[in-house]
Amino acid sequence: MRTWRDIARYHLVVPWLPAALPWAALALSFVVNLVIFSLVPTSYHEVLTSHGLVRVANPSNNYTGGLATIYVFLLVIGINSIGRSLPFGLALGVSRRSFYTGTALFGVVLAFIDGTLLTALQAIERATGGWGVRMHFFEVPYILDGPWYLTWLTSFVALALLFVWGMWFGIVYRRWNLFGSVAFIAVQVTVLLVAALIVSWADAWPGVGHFFAGLTAAGLTGVLAALAALLLAGGQATIRRATV
Amino acid sequence: MTPAISVTGLTRQYHGHLALDQVSLEVEAGSITGLLGRNGAGKTTLLRILAGQEFPSDGRVLIHGAPPAENEAVLRRLVFVREDQVYPDFKVRHALRVASWLYPHWSPELADGLLADFELPPGRAIKKLSRGMRSALGIVIGMAARADVTLFDEPYAGLDAVARQIFYDRLLAEYAEHPRTILLSTHLIDEAAGLLERVIVIDHGRVVLTAGADDLRGVATAVSGSVLAVDEFTAGRVVWDRRRVASQASVVVVGALDEADRAKARSLRLELAPLTLQQLVVHAAAQPADTLERTSA
Chain Z
1 MRTWRDIARY
11 HLVVPWLPAA
21 LPWAALALSF
31 VVNLVIFSLV
41 PTSYHEVLTS
51 HGLVRVANPS
61 NNYTGGLATI
71 YVFLLVIGIN
81 SIGRSLPFGL
91 ALGVSRRSFY
101 TGTALFGVVL
111 AFIDGTLLTA
121 LQAIERATGG
131 WGVRMHFFEV
141 PYILDGPWYL
151 TWLTSFVALA
161 LLFVWGMWFG
171 IVYRRWNLFG
181 SVAFIAVQVT
191 VLLVAALIVS
201 WADAWPGVGH
211 FFAGLTAAGL
221 TGVLAALAAL
231 LLAGGQATIR
241 RATV
Chain P
1001 MTPAISVTGL
1011 TRQYHGHLAL
1021 DQVSLEVEAG
1031 SITGLLGRNG
1041 AGKTTLLRIL
1051 AGQEFPSDGR
1061 VLIHGAPPAE
1071 NEAVLRRLVF
1081 VREDQVYPDF
1091 KVRHALRVAS
1101 WLYPHWSPEL
1111 ADGLLADFEL
1121 PPGRAIKKLS
1131 RGMRSALGIV
1141 IGMAARADVT
1151 LFDEPYAGLD
1161 AVARQIFYDR
1171 LLAEYAEHPR
1181 TILLSTHLID
1191 EAAGLLERVI
1201 VIDHGRVVLT
1211 AGADDLRGVA
1221 TAVSGSVLAV
1231 DEFTAGRVVW
1241 DRRRVASQAS
1251 VVVVGALDEA
1261 DRAKARSLRL
1271 ELAPLTLQQL
1281 VVHAAAQPAD
1291 TLERTSA
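Chains as they are written, first to last, in this note's numbering: chain Z, 1 to 244; chain P, 1001 to 1297.
Derived by calculation from the structure, the hints in this document are not laboratory data.
Take these hints with a grain of salt, some might be off.
[Claimed, not checked] Here are a few chain P residues that face chain Z, going by a calculated C-beta distance under 7 Å:
hint : residue
1    : P1056
2    : E1070
3    : E1072
4    : L1078
5    : Q1085
6    : R1093
7    : V1098
8    : S1100
9    : W1101
10   : L1102
11   : H1105
[To be verified] Stretch-level coverage of chain Z by chain P, calculated; a stretch enters the list once three of its residues show a Cβ under 8 Å from a Cβ in chain P:
hint : segment
12   : 3-16
13   : 95-101
14   : 238-244
[Claimed, not checked] Below, a sample of chain Z positions facing chain P; criterion: calculated Cβ distance under 10 Å:
hint : residue
15   : G52
16   : V56
17   : P59
18   : N61
19   : G83
20   : R84
21   : S85
22   : L86
23   : P87
24   : F88
25   : L92
Note that the structure is predicted; figures quoted are calculated from it, not measured.
Quick reminder that beta carbons are idealized off the backbone N, C-alpha and C, glycines included.
Using the sequences and the hints, build the whole thing.
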């Protein structure tokens, strides 16, 4: 237990990379979008009411992809948490098992904090009418547009998923270098391709469509959590024989 | 008593290359042992397996009676400082802070003292350190950890002579105060000779010699003089190395020499010079293993 905590702290000895850098990047993306949407005029349509013609603003379509920045960063932090950290960890008498558990713990804590901050920012966004320019930066249709607790849960799980995926990439690179990493990506693509082929042969696309259409944000979060658990187990199995 | 390190039939194979070949050895607790051998002899591989960083292809390794691989009870009592240690993007003080969390007997005073001795700036990024400075950082971690089993792999690569002397002095002082098992691989054999209680020589993945450092002093002697005198003197003895220039010959004779031998050498006008540890290792590495068993017995 103590070792897990120490390893989690180990990743935070230089805190600015995992804690601050993703937010700095996200802030940059946010400001760029804010400036752009403040320049775009709001479109209106006219509605005939008992008071005559009234100008009504069109529903905002000011969605951005900027939120993806922080998810990509969690993937990168996950990769980075293995690379040069594992060799020094093992030199200090930590077992691979403890290192992995402690690193995953760090990722979960990071996802928890970042997910909470994202939820708070989404609440502010809603309260301020989209930062005064009707911008949906922290809101994503279907995935992140429900009540705050679902936003929090989905953000947390998705961030943790990206981190765990990154860890597995890091371990694969540690064991089999660039060639192994390319093969690892190829295997993942192949798995998706085979799944798509099977669905096609079984003429099951409508069923898949119904599954996702019927899936609530909570259900989707469940699918992501299951995927994260799968990736976590994969990384655990891969690190067992990693050498430094 | 259980030895601190016990290795039996250890073999490590990499794609047809035999890095370690049936290595068996023991290191008793509370000793400083030198692990000597040429580049590529298998020293680093052996140490990595002892530290649980690498896995054996065959054979068994025990640290204080238990296998080290993924065994935190053992690993926590062990520190491994290697020449090519990879560090995260840390400053010196970050690396020391993490090490201090993980070692129950970590000594901050010792770490600070060594930092000052080696003039290692705690605020410097590790990747900006020179090779010698990086080695010094490894030494600080290895010593301040006060781990029961301390493994040093070429700990002073790139260190200047003054810093190396500091290392020898501080290591001996530390060892006297806090005895532990130290296994040290090195190329600078004669320099470290005064430090070592035992030596293990490996070559091409095999142990060719294990002996107490004191037992090795005088175990081999360089004999030089005229060819005829040398031949007469060496008759019936184990001879390692024979060189001849014109009528002069120079050989290495294995086995201790007694007073009668020395008197005979004098009468034959032969020059006798005891082999230093380094010369001994150079010769030992060149011999087939079976010749050496007689000398190490």
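Hints, one by one, checked against the model:
no., hint, result
1, P1056, "violated, 11 Å"
2, E1070, "holds, 5 Å"
3, E1072, "holds, 5 Å"
4, L1078, "holds, 5 Å"
5, Q1085, "holds, 6 Å"
6, R1093, "violated, 9 Å"
7, V1098, "holds, 5 Å"
8, S1100, "violated, 10 Å"
9, W1101, "holds, 5 Å"
10, L1102, "holds, 5 Å"
11, H1105, "violated, 12 Å"
12, 3-16, "holds (count 6)"
13, 95-101, "holds (count 4)"
14, 238-244, "holds (count 4)"
15, G52, "violated, 66 Å"
16, V56, "violated, 54 Å"
17, P59, "violated, 46 Å"
18, N61, "violated, 42 Å"
19, G83, "holds, 8 Å"
20, R84, "holds, 5 Å"
21, S85, "holds, 5 Å"
22, L86, "holds, 9 Å"
23, P87, "holds, 4 Å"
24, F88, "holds, 5 Å"
25, L92, "holds, 5 Å"
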